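There are 2 protein chains.
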Amino acid sequence: MSQTKPEQGLTNARILLDKRPVGWVDESCFLIEDCAEPSCGPQDVLVQAVWLSLDPYLRGRMNEGASYAPGFELGKPMVSRVVGRILQSKNPRFNEGDYVWGFLDWARRSVVSRGEGLHRIDPTLGRPSLAISALGMPGLTAWVGAIELGRPLPGDTVYISSAAGAVGQLAGQFAKRAGARVVGSAGSDEKVDFALAKCGFDAAFNYKTRNMDDALRELCPRGIDVYFDNVGGSTLEAALRHANVGARFPICGMISEYNAVDEPGIKGMQAMFAKRIVMTGLLVSDHLHKLPAYQARVAPWFRNGEMYFHEDIVQGLERAPPALIGMMKGEAIGKRLVQIVAE
Amino acid sequence: MSQTKPEQGLTNARILLDKRPVGWVDESCFLIEDCAEPSCGPQDVLVQAVWLSLDPYLRGRMNEGASYAPGFELGKPMVSRVVGRILQSKNPRFNEGDYVWGFLDWARRSVVSRGEGLHRIDPTLGRPSLAISALGMPGLTAWVGAIELGRPLPGDTVYISSAAGAVGQLAGQFAKRAGARVVGSAGSDEKVDFALAKCGFDAAFNYKTRNMDDALRELCPRGIDVYFDNVGGSTLEAALRHANVGARFPICGMISEYNAVDEPGIKGMQAMFAKRIVMTGLLVSDHLHKLPAYQARVAPWFRNGEMYFHEDIVQGLERAPPALIGMMKGEAIGKRLVQIVAE
Chain A
1 MSQTKPEQGL
11 TNARILLDKR
21 PVGWVDESCF
31 LIEDCAEPSC
41 GPQDVLVQAV
51 WLSLDPYLRG
61 RMNEGASYAP
71 GFELGKPMVS
81 RVVGRILQSK
91 NPRFNEGDYV
101 WGFLDWARRS
111 VVSRGEGLHR
121 IDPTLGRPSL
131 AISALGMPGL
141 TAWVGAIELG
151 RPLPGDTVYI
161 SSAAGAVGQL
171 AGQFAKRAGA
181 RVVGSAGSDE
191 KVDFALAKCG
201 FDAAFNYKTR
211 NMDDALRELC
221 PRGIDVYFDN
231 VGGSTLEAAL
241 RHANVGARFP
251 ICGMISEYNA
261 VDEPGIKGMQ
271 AMFAKRIVMT
281 GLLVSDHLHK
291 LPAYQARVAP
301 WFRNGEMYFH
311 EDIVQGLERA
321 PPALIGMMKG
331 EAIGKRLVQI
341 VAE
Chain B
1 MSQTKPEQGL
11 TNARILLDKR
21 PVGWVDESCF
31 LIEDCAEPSC
41 GPQDVLVQAV
51 WLSLDPYLRG
61 RMNEGASYAP
71 GFELGKPMVS
81 RVVGRILQSK
91 NPRFNEGDYV
101 WGFLDWARRS
111 VVSRGEGLHR
121 IDPTLGRPSL
131 AISALGMPGL
141 TAWVGAIELG
151 RPLPGDTVYI
161 SSAAGAVGQL
171 AGQFAKRAGA
181 RVVGSAGSDE
191 KVDFALAKCG
201 FDAAFNYKTR
211 NMDDALRELC
221 PRGIDVYFDN
231 VGGSTLEAAL
241 RHANVGARFP
251 ICGMISEYNA
261 VDEPGIKGMQ
271 AMFAKRIVMT
281 GLLVSDHLHK
291 LPAYQARVAP
301 WFRNGEMYFH
311 EDIVQGLERA
321 PPALIGMMKG
331 EAIGKRLVQI
341 VAE
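Line order of the protein sequences matches chains A and B. Start counting the first sequence at 1; every next residue gets the next number (my numbering). Start counting the second sequence at 1; every next residue gets the next number (my numbering).
Read the hints as simulated data drawn from the structure, not as lab findings. A couple of the hints might just be wrong.
Stated by the list, open to error - In silico DSS-like pairs for lysine-lysine, Cα to Cα no more than 30 Å straight-line:
#: 1; chain 1: B; residue 1: Lys-267; chain 2: B; residue 2: Lys-208
#: 2; chain 1: A; residue 1: Lys-267; chain 2: B; residue 2: Lys-329
#: 3; chain 1: A; residue 1: Lys-267; chain 2: B; residue 2: Lys-267
#: 4; chain 1: B; residue 1: Lys-208; chain 2: A; residue 2: Lys-267
#: 5; chain 1: B; residue 1: Lys-267; chain 2: A; residue 2: Lys-275
#: 6; chain 1: A; residue 1: Lys-275; chain 2: B; residue 2: Lys-275
#: 7; chain 1: B; residue 1: Lys-267; chain 2: A; residue 2: Lys-329
#: 8; chain 1: A; residue 1: Lys-267; chain 2: A; residue 2: Lys-329
#: 9; chain 1: A; residue 1: Lys-275; chain 2: A; residue 2: Lys-198
#: 10; chain 1: B; residue 1: Lys-198; chain 2: A; residue 2: Lys-275
#: 11; chain 1: A; residue 1: Lys-275; chain 2: B; residue 2: Lys-90
#: 12; chain 1: A; residue 1: Lys-90; chain 2: A; residue 2: Lys-176
Predicted, not measured: the structure shown is a model, and the values here were computed from it.
Please model the entire structure based on the sequences and the hints provided.
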């Protein structure tokens with residue numbers, strides 16, 4: 001492709017989708033290219049990317065064909081949520097130096113036509129990266145799933161898979177604030193320690209080294225009232241087996257299946273009516289109108305140190321592809337971000 | 001077993017669970033025996049069984065171990081909902097000649113200790129058999145599933161599997177009253193004709209002779225807003241594929257899996273979050289407090305001929321086992337009842 005050839009005088013860099021993955025993503029799916037420094041037309045805004053968010057849903061967008069979000073085009077840049085600083089503004093809504101977030105290309109610098117889709121970040125709420133993490137969509141996902149859909153009562157048992165993930169770490173802490181007993185599972189002892197020590201989970205286990213039924217029987221002795229599903233697959237099946245009558249299952253993702261070429265299907269769905277389970281699919285994009293109220297509610301909890309949020313930071317735009325691949329394979333703890341430049 | 005030997009002077013008859021089924025039920029699971037005529041102690045009530053209800057959930061109760069309802073005991077009578085006439089009452093709450101319903105043994109006549117668990121049938125509501133069919137639990141299941149959980153809006157597309165079954169025939173008519181377009185599937189052309197001609201479905205197809213995806217694409221051109229699941233399996237998978245964003249899936253049963261020794265699992269559950277589906281398990285026993293209001297609401301619709309309800313009647317207690325087996329295999333249209341004696 002022509003984009004592969006660096007040309008003289010180009011100083012920007014961006015990352016394109018070069019090949020659609022089949023099964024697991026590998027680095028051959030991406031192409032890093034030098035590109036022309038973007039120039040700012042009337043009403044436009046030039047943004048310096050600072051933080052780039054890596055999220056499991058990006059895997060789906062790399063596929064051919066539409067899912068709940070349109071797929072990325074081959075030969076075009078990858079796009080995700082980015083926090084950036086305004087370098088140049090020809091738009092009265094934005095000032096140089098402002099921090100903003102939006103869905104931007106994976107590029108060092110981007111021009112945003114008329115500033116459309118950019119959101120100013122309120123600096124009083126916290127550090128800028130929170131706008132795409134704890135105070136942004138991952139945080140709102142955790143809130144809506146754990147609280148609004150999960151509806152935990154004091155004393156309920158809330159089980160959270162991917163407990164040490166971007167969303168899971170917050171879902172557990174929100175459920176704790178609602179008075180629930182919170183149990184998590186994760187894929188390494190380090191993640192289990194993180195959930196217990198940093199996020200205040202009451203119990204957690206490593207699903208790679210423990211039998212899931214044994215662990216749930218031991219750690220959820222009164223059964224599961226809320227299962228916050230981030231992974232699907234055999235974890236969802238185990239939660240169906242250990243659910244109580246009337247359990248709520250917010251379904252926020254099924255990362256175990258995103259890379260599966262031949263998915264096995266979920267067994268034990270008869271528990272749905274035998275236990276009158278309510279399973280509710282959640283896409284945070286339906287809930288964006290709640291973001292200001294969410295931020296106002298929870299920002300003080302982070303500022304005051306009442307809640308913990310871990311960012312797993314990878315340095316450098318060029319490391320975004322391996323960092324995304326690694327996250328899909330479970331290597332990140334907390335919210336994975338790529339830092340493009342210093343704040 | 002001792003019960004197998006008819007003894008002189010015995011005039012009653014009952015049907016016992018003699019063997020637990022593995023996979024499909026067959027007649028060797030049952031034993032018909034003569035038994036002593038029950039005698040009525042103080043406060044007791046002697047009931048002549050008239051109508052006996054055959055329902056898919058009975059299959060689950062024939063298994064070892066608890067499900068949502070306790071299992072039947074080996075060597076003990078089968079139990080289901082029965083409409084009966086009081087032959088003798090030593091209890092002031094019941095009079096001879098009253099029609100009642102309750103969970104009774106599969107027997108011609110039963111004594112009910114203190115009349116506990118018997119419900120008098122209001123003769124003004126309709127014919128007595130309706131108390132265990134359209135005005136009883138199958139009817140309430142259809143109402144709660146199609147209306148309360150399905151929440152169809154005028155113009156929504158409601159898809160109902162087992163459309164010609166006891167519940168499906170009513171679910172479709174209730175959804176029509178709410179202004180929805182109603183599409184059904186069933187396992188024979190005769191059932192499809194029944195759903196269209198008698199129950200007013202807008203469209204219906206035979207899932208045994210048509211490709212489900214083709215049929216749903218053609219008959220639900222605007223997608224599925226409510227899927228009333230009675231069967232699970234590949235039908236549920238197809239509904240997930242054709243569901244609209246925000247679809248409601250009341251899950252009332254999964255008859256396709258009750259006799260399965262090795263269930264395959266439900267594929268395509270990623271649609272849950274991609275389409276923000278709400279899947280809600282329904283057991284009518286949670287909703288019994290609604291029965292009087294339900295009966296008052298819908299009884300006039302049946303009396304006035306605004307709604308249709310088909311009873312598929314098999315004559316004779318001794319034919320209850322083959323009638324249950326046949327129902328599980330799909331041979332019944334509408335609500336299958338066994339008539340024990342004339343009304």
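Find the hints from earlier in the document that the structure breaks and name them by number, from lowest to highest. 9, 10, 11 and 12
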